[in-house]
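Counting in this note's numbering, the sequence shown runs from 1 upward without gaps.
Don't read these hints as lab results, they were simulated from the structure.
Be a bit skeptical, because a hint or two may be false.
To be verified - In silico SDA-like cross-links for lysine to any residue, where the CA-CA straight-line distance does not exceed 20 Å:
no.	residue 1	residue 2
1	K135	G148
2	K225	K38
3	K167	G178
4	K40	T57
5	K202	S33
6	K179	I196
7	K190	E175
8	K167	E119
9	K18	D63
10	K167	K135
11	K71	I162
12	K206	S33
13	K18	K71
14	K38	R27
15	K207	G54
16	K167	D72
To be verified - Quick list of simulated restraints, FRET-style, between CB atoms:
no.	residue 1	residue 2	range
17	A188	E252	38 to 46 Å
18	A41	G212	18 to 26 Å
19	D63	D24	21 to 29 Å
20	M51	W199	34 to 42 Å
21	A216	S8	44 to 52 Å
22	K167	D20	35 to 43 Å
23	A41	T194	40 to 48 Å
24	K190	C23	46 to 54 Å
25	T136	K206	44 to 52 Å
26	D20	A188	40 to 48 Å
27	R17	K202	36 to 44 Å
28	K179	K103	49 to 57 Å
Cβ coordinates follow ideal geometry from the N, Cα and C atoms, glycine included.
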Amino acid sequence: EALNRFRSLLVEHNLVRKRDTDCDLLRFLRARSFDVAKAKAMYEAMLDWRMQVGADTIRETFDFPERNLVKDLYPHFHHKTDKLGRPLYIEKLGQLQVDELMKITTMDRMMMEHIQEWEILIEWKFPACSRKAGKTISQSLAILDLKGVTMKHMSKQVRHFIQNISKVDQDYYPEFLGKMFIVNAPMAFKAIWTVIKPWLDKRTQKKIEVHGSNFAPKLLELVDKQNLPEFLGGSCRCPQGCEYSDAGPWNE
1 EALNRFRSLL VEHNLVRKRD TDCDLLRFLR ARSFDVAKAK AMYEAMLDWR
51 MQVGADTIRE TFDFPERNLV KDLYPHFHHK TDKLGRPLYI EKLGQLQVDE
101 LMKITTMDRM MMEHIQEWEI LIEWKFPACS RKAGKTISQS LAILDLKGVT
151 MKHMSKQVRH FIQNISKVDQ DYYPEFLGKM FIVNAPMAFK AIWTVIKPWL
201 DKRTQKKIEV HGSNFAPKLL ELVDKQNLPE FLGGSCRCPQ GCEYSDAGPW
251 NE
């Protein structure tokens with residue numbers, strides 16, 4: 001019933017997009033606890049933001065030639081799927097080298113790349129995962145590897161970037177996160193987590209599990225060993241490195 005009211009409201013205000021399925025509209029309703037007025041406000045803000053950043057055409061218009069160099073200094077990538085058919089998104093935050101990164105790109109360009117990756121995920125990767133799974137796949141399993149992370153990784157610049165990314169993800173791409181594992185969390189992570197946690201809404205916080213170094217058994221409950229990179233306790237060794245392979249149903 002809330003979904004019908006929400007769709008009618010969007011149609012009435014000429015806001016609904018052709019590409020939006022019931023599944024898409026439900027994401028906004030869930031993010032706002034099925035309050036139709038709040039979901040409409042969120043949806044409208046998303047449309048305005050997409051217009052401002054050019055999200056509809058960013059796949060074709062934004063060129064990021066430094067992509068592989070950036071991945072050397074900040075490894076973040078999609079890689080295969082979990083047992084439910086959801087794409088894995090992996091970040092190795094402990095290998096982040098901000099000073100070197102800023103010599104080859106900017107935080108603004110990194111944000112544009114982040115938005116472009118979202119659009120590729122929605123337009124290309126989710127549909128490929130759905131075809132392979134034989135059901136609709138519209139969420140990911142994220143794994144944030146903190147091996148090697150110290151407080152120096154949480155400089156003001158990095159905190160600002162994470163805060164901005166969290167806002168984009170929650171406000172404009174709501175409810176795409178199925179589950180997140182934070183692994184190899186050092187003892188000092190409690191202090192870092194205290195900084196980050198308030199930026200996340202309550203629904204997102206509930207989807208996050210934090211583990212120390214003994215995380216592999218938990219991950220392997222959700223991901224087949226051959227789909228998980230070796231450094232996360234799996235057996236996958238992509239010839240060119242899992243970070244660069246872009247392996248998954250979208251490339252099969």
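- Query: Straight-line Cα separation of K167 and K135 no greater than 20 Å?
  - Reply: 29 Å, violated
- Message: Please verify whether K202 and S33 have alpha carbons no more than 20 Å apart.
- Response: 11 Å, holds
- Is the hinted pair K18 and D63 satisfied, with a Cα-Cα distance of at most 20 Å? 26 Å, violated
- Message: So if I understand the rule, the pair passes when the alpha-carbon distance is 20 Å or less; does K190 with E175 pass?
- Response: Violated. K190 to E175 sits at ~25 Å, over the 20 Å cutoff.
- Does the alpha-carbon distance linking K167 and E119 stay inside the 20 Å limit? 16 Å, holds
- Using the C-beta atoms of T136 and K206, is the stated range 44 to 52 Å upheld? The hinted range 44 to 52 Å is violated for T136 and K206, with Cβ atoms some 22 Å apart.
- Query: Within a Cα-Cα threshold of 20 Å, do K18 and K71 meet the stated pairing?
  - Reply: 34 Å, violated
- Task: Given the hint that K207 pairs with G54, test it: the Cα-Cα distance must not exceed 20 Å.
- Result: At roughly 30 Å apart (the allowed maximum being 20 Å), G54 and K207 break the hint.
- Message: Given a hint of 46 to 54 Å, does the C-beta separation of K190 and C23 actually sit inside it?
- Response: 36 Å, violated
- Would the pair K179 and I196 pass a check requiring their Cα atoms to be no farther apart than 20 Å? Holds - the C-alpha atoms of I196 and K179 are around 17 Å apart, at most 20 Å.
- Query: R17 and K202, beta-carbon distance inside 36 to 44 Å?
  - Reply: At roughly 28 Å between Cβ atoms, K202 and R17 fall outside 36 to 44 Å, so the hint is violated.
- Do the Cβ positions of D63 and D24 conform to the proposed distance bound of 21 to 29 Å? 28 Å, holds
The structure fails to meet hints 1, 2, 4, 7, 9, 10, 13, 15, 16, 18, 20, 22, 23, 24, 25, 27 and 28 from the earlier list, while all remaining hints are met.
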